[in-house]
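Chains as they are written, first to last, in the working numbering: chain Z, 1 to 334; chain D, 1 to 630; chain B, 1 to 284.
In short, the hints are calculated from the structure, not lab data. Ideal placement from N, C-alpha and C gives every residue a C-beta, glycine not left out. Among the hints, erroneous ones may be present.
Capping the alpha-carbon separation at 16 Å, the derived lysine to aspartate or glutamate pairs in EDC-like fashion look like this [as the list claims (entries may be wrong)]:
id : chain 1 : residue 1 : chain 2 : residue 2
1  : Z       : LYS143    : B       : GLU187
2  : D       : LYS525    : Z       : GLU57
3  : D       : LYS478    : B       : GLU13
A few chain B residues facing chain D, derived, Cβ under 8 Å [said to hold, decoys possible]:
id : residue
4  : MET40
5  : THR41
6  : ALA236
7  : MET240
8  : VAL241
9  : ALA242
10 : TRP245
Letter by letter, the chains look like this.
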Amino acid sequence: MHGFLIYLMKRFGQFLFVVFTGVTLSFLIAHFSPVDPIEQTVSLLTSFGNTDPRSVELLRESLRELYGTGGSLLDQYFTFWGRVLTGDFGPSLSAFPTPVSTVIGRALPWTVGLLTLATLFSWTLGNLFGALAGYFRDNRPLKVLGVFVMSMQPIPTYIVGLSMIIVFGYLWPVLPISGGAQLNLEPGFTWEYVSSVIVHGTLPALTLVCVGLGGWFISMRSLVSNIVTEDHVVYAELAGVPGRTMFSQYVARNAMLPQVTGLALTLGHVFGGAVIVEFVFNYPGMGKLLVAGIYAGDYSLVLGVTTIAIIAVATAVFIIDVLYPLIDPRVKLG
Amino acid sequence: MKFLRTIAVAAVASLLALPALAQDFIAGIPRNEALIIQGPTAQNADWFNIWAPGGGATTNGTQQLSADTFWFINPEGGPNPWQNALATEPPIYNADFTEMTVKLRQGVYWSDGVEFTADDVVYTVQTLIDHPGMNWAAAFGVNVASVEAPDRDTVVFKLKAPNSRFHALFTVRWNAAWIMPKHIFEKVADPLAYDFNPPVSLSAYVLHSYDKAGNWTIWKLRDDWQRTTIGMDWGQPQVKYVVYRAAGNPEARVIEQRNHNLDVINDITPEGMFSIMKDNPSAAAWLAGFPYAHPDPTLPSVLFNTKKAPFDNKDVRWALALLIDIRAVALGSYRGAANLSALATPPTGSAPEDYFVPMQDWLTNFELDTGTRKIKPYDPTIAEQLAKMVRPQWGDQIPTDPEQLKRTFGFGWWKQDVQAATELLQKAGFTKQGNRWMKPDGTPFTIRVQVEGDAIPTLARAGTAIAQQWTQAGIDAKVDVAGPTHGQRLGTGDFETVIAWSIETWGGHPDLSFFLDSYHSEFIKPVGEIQPPRNLQRWEDPRLDEIIERNRTVAFDAPEVKQLGQDFLKLAVEEMPMIPLMAYNKFAPFDTTYWTNYPSIDNPYSASGPNWSNIRYMVVSLKAATPAAQ
Amino acid sequence: MKILIDLLRYNREFLVGAIFLAVILALVVASFFAPYDEMMTYVVIPDMPPSAEYWLGTNSRGQDLFWQLAASMRNTLMFGVVVALVSRVIAITVGLVSGYLGGRVDQVIMAINDTLNALPNIPILLLLVFVLRDQMSWPILAVTAALLGWQHDSRLIRSVALSLRNREFTRQAVFSGMRTGKILFREHLPYVMPIVFYTTMNNLIWAIGLEVTLSILGFSDINRPTIGGMIYWANAHSAMVAGIWWWIAVPMVFVVILFLGLFMLAMSVNEYIDPRSRLARMGA
């Protein structure tokens, strides 16, 4: 147990290192952005409206003061860490003076809900069919399914989403194609609201499953078809182990290791994958927020989103590392 | 594989069960009482304070349906473009334009039952001046020496310097300085940090509910709608609820309207528009036939950075203009559905009568010196040529009357004249080596054509068409998509040429000061520093300054305004600081399933753009298509 | 050569895969013989559906989709291959070395790996595109994408290598005095080859998807025809709702063909490399 504790400590140290470096890097990158939040606000206020050149300059000056975008990079860096540690990312510049944490807090549940569910679905289905297809290699329906799933995979997410909109929104208009829930509905744990959220999430989730299924399917199939020929499996087969036990205990289980790793990592990457789907379905999540933040030059917001993303990935990796020795006994604690 | 079969059956069954999931589009509101308009996504949906930056979407109905100010101008022109709102009559200036008096309407109430008075106006101006971070604060700070309310229906502004256009601050073309409720804001510690939620309305509608995620906002007709300026002038509105909703990308918008879930669209691609007009029998548009489009009073042009060589040379600018085949640009950008303009003012609203018709003779006789000869570059038959090109596809929809064609496709443009362009470039010291133009210093002539990109696809398409024509003429032209850095690069002069607009007008009024005043050379900054809007081409000319200074001293409605406008337009043709292309045509179809009486070219009683504050006059004039709603 | 003929004759998957890839390669070759400049618009009648004259139809910009596709395929493939190659080299090296050496070295490498992995790709690429602007050519974008696209795979490879480390045959190889490089290359690489193959394909798809994503968000060089660029322009003309379906279908179908070809090829080659699986096929 002592050894495991040391292992745990080491991994935790690594976790901290990952978060620190990652956040620092994105801080620097975000500050390289040539989009100036002040200019974005100014042009928002001056486009279409009446503008007097002198007033625009005054406006610019007062905004600079208000947003506090002055100060050296190092100063801003320390301020930023101070804020991160207290769980506050300062005011959003494109939603001034609302705190970034509030803005993110609104979008977070949508993305986490949608992507976690969709990822779990595609992982389970992909692995199940992949393992079956790798094990029963001569099964015709499975082969057809394989070709179909694989043909879906390289189609860009955007096109899959758009096709869904055309099919289920226009040709056979049965599902909502935009937004997170019905208009004019009070959020809450009511049947009405929850069902509305599920119905609105169907097409985005379906899109994600279609796009994600193939990867899991293919990797699982090749892993299984490799294991099938390994000595212990051949031996078990000769020893007369029943088919079902063979499949689940000898083959699938051994192939799961990289797949579990992959799942944890994908779940960590939930935020990155959301951008296009949220864009297509006008879904009120983090991906949309991130793109909006980049467009507005709102680096407080961009940093807030990326920091959360980095922590999510680092946590996923940490958990895998901790669980690894438990899943694969051959791995010795280093 | 029994297992597989089970899954297949389950999948088919769940697919068939889908229609059972269908829900009403809006919960709890009858569809035939609601008008659904395409709105923005609000970054910070809780924010309704339109006097502070805040990140709330001011165009989600807040400025269109709940705010009010002194005057409105109908950008479409129409019989009476000027509309008195909170004021009872147009502004009253003293002789030297240092004082403006406004007479206010009586009996107007805020939605919480408090009466609107001159105190609200004084409070608004004073508060904005005291808080420099607030919108319009700077404009008031620069102009206003003092503001007083001698009685509850009168406001007097004393100005720091003569300004015959001070009232423009309170005149809505797209928006204007809105009046704040004193009784609410005076209790707030910091008006800059106050979200004004729920907002108190001064107009006919009041906030009903909104989405925290910023996707929709619903407004409800006030019970006491009679006690607003709209109720007094326009009678009882039939629309009970107005829904502003973000409706996704252009394809999704087309589908939403076909499914009758989106009554008013802000903008889609020309192709999307054509498909709606073809497949949706309940669709209506500004123009009943091709090109269907609504021209905004903004003028997409090829802007030159006149501070960068060789674009500082008028001959080069003219040569580049003459290399353009405008018909190909119209086809490439708008599938021919473009309203062309050779003059530096959008051919919309009252501009055809004020400028385009009177100036046709001058344009036809305009002579350009190419260095070797004089040519007359103007071609008044462009509209007919364009009509001929699209007639095979659209047939009878294209009018045959030349006068009507001019209103749809434009009055004329410059003939493509490669020979004249060659002479002009040679005059400017350029040489041709093989098929490539070399600059006077011997290096190849390259041009970057900046476009914003996806946000305005039609202009990106125009940019590609123009770059291609220049390339074919031997100039190495490339399109550069600037995305969100577009505005900034315009401001700092970080471009060579760009497809954008630097000219916007009232639409319903001949006065050009709306953009022209900012063209004065006193505002020009060196490249690298930020040029205030709108003289983005940094055009500098003593004759231009003269026109602007003269215009500042004449009254808004003086007849001389038109003369000065014509002088400006002539100067802009001679100097060609930007190549005006066309009106910014927007494809904004309406759905008549639930509402009718939308504005059109034959009945231009109001603006119809969802973001334009003037749309409020459209909202209250719509008629229910289904009598059951009554 | 004989192997190739054998494969073609006896392995149906290899044959189909080879045919698919041949189609794609033929397109790429054809792109060099295009009758018009691929950047020019309005050279043919716009909006023509596929026909004998225009095999794949024409788009709303007056371009023949066949020649557009050929040029796009060439450019996109070049991008994808560069990304995949560069990132594969990194992923394999890092994964095998880290997994084999284990201990402290493994920890350090994985810490760096995870740090890079934790960085969100899309914002970094978007910001980079902004910053570099005119200098942002496709090779730079490809290398950047490659640098962002190997961590996931190297971790997968490492996880297999980690379990190989404690296996009997590795120990035997070490005791028999084999050099580390040789052990990795000879003994461990074949085991991770299946992973390498499918991650290569995934990576290629990811790279193409990245290109498409950047294009759709409007962050690519729209002058240069690519698969993403075709979709961008189709989008800018609302091709889907305007009924010009072939404008979107054509790039999509050919990306699928490319991918299926690669997949089948990889699968059959995989069998060839791993003799046990070949024996199984023969009915052992």
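Inset, instruction - May I ask which of the numbered hints given earlier this structure violates, with the numbers listed in increasing order? - result: 1, 3, 10
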